[in-house]
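Residue numbering for the sequence shown follows our numbering, beginning at 240 and increasing consecutively.
Source of the hints: derived by calculation from the structure; they are not laboratory data. None of the hints are false.
Here are the computed distance ranges between Cβ atoms for each label pair: (1) VAL671 - ALA822: 43 to 53 angstroms; (2) ASN1249 - ASN1137: 18 to 28 angstroms; (3) ARG913 - HIS837: 19 to 29 angstroms.
For each residue, glycine too, the CB sits at the ideal point set by N, CA and C.
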Amino acid sequence: MIEQSNSFGYWLRRRRKALDLTQDALAKKVSCSLAAIKKIEAEERRPSRALAQRLAEQLAIPAQDRAAFLQASRTLQAPKRMPLDELPIEATRAAAASDGLGTVGDQLGHAGEQKSPFVGRNKEYGQFIGLIARLTAGSGQVVLIEGEAGIGKSRLMAEVACYASQRALPVLSTNCYEIERAIAYQPVIDLATQACDAAPEARLRLIAPILLAEIAALVPAMAARLVDLPPLSADFPEARQARLFHALVQLFDARAQDRQLIVMMDDIQWADDASLRFLHFFARQIASRPVLLACAYRDEELGSNEHLAGLLESLRREPYARQMALARFGPGDTQALLNAMEDPKLSAPDLAARLHRETDGNPFFLCSIMHSLSEDEGTVGDALNLPLPHVLRDSVRARLARVPQEDRLLLDVAAVLGRRFDFETLLTLTRVPEERFLHSLDALVKRRLLREEQDGEFYDFSHDKVREVVYRDIGMAGRVLLHRAVAEMLEQHAESETHERHAHLAEHYERGKMWSKALLYLGLAAEHSQKLFAMREALKWFDRAVALLQAHPEAATQAQQLALYEQRGAARAQAGQIEGAVADFQRVIDAARALGEHGHARDVLIQLGMAYRRADAYQQAIVCLDEALTASLAMGDERHAADTLYHLGTVAWSNGRNDLAITYHQQAVAICERLCLTDLVAVQAFHGRGEAHFANAEPAAAIVCFSRSLDLARGIGDKSYESENLMMIGWACSGHMGLADYPRALSHFDAALVIARAADLQWHIGPTLIGRANVQVALGRFDQAWHDLSEALPRLETLGLARYQIMAHDALGGLFLDLNQPGQALQHFERGLLLARDAGIKFWQPRLQAGLAIAQLRLCVRTDRAALLAAQQYTQDHSEAWLTLRCLEALAELALANGDADGCFTQADQLLALASRGDLRELIGQAHHLRGLAWLAGKAYESARNELTLAVTLAEQIGCVRLARECHSALARVAAALGDGSGENAQRASARVLAAQVAENLRGSGLISNLESDQ
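Model the full assembly from the supplied sequences, consistent with the hints where possible.
Take a look at the structure:
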């Protein structure tokens, strides 16, 4: 307990008196309520950071002492460096202070300030107390509080928050508001702002800077606290959103400071979709954290809110989640509430029974009617003649009827503002003298129509139903004028440039029927949602803008209309709504052509083509991009032609048409070299050409192109392409697709990962980990490969990147094949093929088909030779030589298993020729190994020994453990057939040494080697 003489409130009181200021005068100077100053001085609360800064200014705190003052205002430490004026003072009430927990329950209300007694929820309250106690075990709980409006969900959470704060547990809490359900991340921003405000800077600095930058883009308070954050990285929306979610969880960890954390979100039926997605993500992280997450919602909303219903259904299946359905009060609870009110005006006989009958036990209805009766000047005498309304609205109106007319204006303006509102905004809008305003505000708080939040700067309605009735009773004309006034004030005040500003302006201007302004801010709100990767919210704003435009076409010029449709088309494409995107883009293209804006039409055609590519609709994409290319060439715009050729190449490559990709990328490179381009167009062109070389099993040529693109990317500071080029050089140096230069491959993968992790380029991290894992498998480092793949696959599943998930399953299948676990390998190859087929992706399918065949052969399961031959033919027809190689391996093994040594020779010879052309040393060794096995099957033992010796020598030179071990095992069989006992023993010993190294490497990884069984 802090001594009275050392408290912040004590010092504030002395400083105020030294400056000859009354509490009321100081409150006016800092734009807060008189009650707030009284409570700060009495040590009942702490000021917010913004209020503390205003106090420092008005109390003339010297510049050298201001930092200490602000720190003291938010913590238990008194401002000891501040000089205390020698003035007689009154003794002030000592109170326990919390360590920065003064804002607990701000959004939920304050149990200590509730005038209605807390009854009827002892069972649920006790359950919460028990769950908080269990948090000390290190695992968390999710509580889903369900009930109708007014049932007491908010009050229960407020009581729990009060209990937690009294025990010095950090609490983050927020409300969702119906008027803000289209504002992306609004409740999440509230929680994150509280966490940022309370978390020590030292804890925040433990979070990676790039993650802090993501939080700062969402939460202005973070940018204000930490000014040295790096710029945001360029990455695709799904990756950015995943990064943001991880960052927010780490922010909450920083706020917890190794203690149990309570997080509460009320009225989530009004949460935006992006917030619900974060809530789902956060809830699934709680199992391993001491966090209690409580979410309250109205059950009657579930039928019309599919996203909320899906979230709840998913969470209910989790073992750490529980549902808490609040029932209406019974007659006994109603009597207990009435007794606890201790109001003589509520003493009529049988009043409790009548109240219960009229309200059916709804707590809010009960309290509203009780307050209405309590405020009446008369005494209730006859229970049969009580003025009990039959519906809540009548009850609220009965209370509002007693509000003096001079106070009603403030209430009307507050209802139009919508959600929690600050002191200064309300004062500005009411345009009444400050003294009159303060009197009205205090009166409305005392009537329990408004409630004051903890820091004294913000207010809210006691219940949303009160706000709803006040708002509806204003009248249409009055609402329109008030919405205009609010919008104009928000627009004029630059300091209101907050994360929700555009959304609020859009709402108020639209309700104020100022269509041009509404259209402007609807578009800006949509753009802001896009920046936060909240695509559903962005589309809602765009759809509202289009609907407004269709109803009021005079609100925008033709150019503005086309820009709106183009923006919505891009958002629809990003969200996977291809049909809608096509309609929007086509509308813009037709209009641009009619206006003679051929360059604009060409640019939108490219967007349309890439939208088709995202949907894997490759033929439609090619048609659009071909048309755009024709337009660029007709206009003599070679730079745009090169850009379009690059996109055509990526579409062709993605669809397994590397033959077309080679042509397109070569043309793009030729233009870039002729024009001496060094910008992003050139970076992309050389990168695309490298991919085409790589896919055609020409790794050396690919590395030349990737290196050129890498230099250009570094020249323009493009970290995304720098990381991707390093990654692709790594792949070109790997063994099963490249030069088998393992050290060089690892160094490039590691360098790519450093950049990708620093900038959190999620798109690159997954395939880089997969490539590095393949190299680790070749080197026999299965534990490291397993670690990389165990990170990569869940990451890619979270991001929904089917293309790279397919690659991860192929790599896992290869790992298990090398451990002689064909059953597990088979499962991954099958999963990869299913993913590819479901997504309509031809990319990588031939390689998966080959892996599947090899696993089936080793399990002695029937293999579909026709499917394997079809896959091989496809790769040859489309210059996909990197996939042809794996098909040839599988066909050689199949021939060998069928006793067809000649067939094995044929496939192995093709493999050797193709691998030799690109100097693919691991695959050259594999071709010699297969030839050796074919000679062995034909009992040509010397020839077998020669081939296998070539293979094992090459395997040991490059460090390929799997190939070396298999060659030693085969050479042991050759020696045995030749009667060379010592040679057989030596070869078997070498194979066992390698198998033992693998087994030792697997220790602690959870993987099992079955290599000894195939000796």
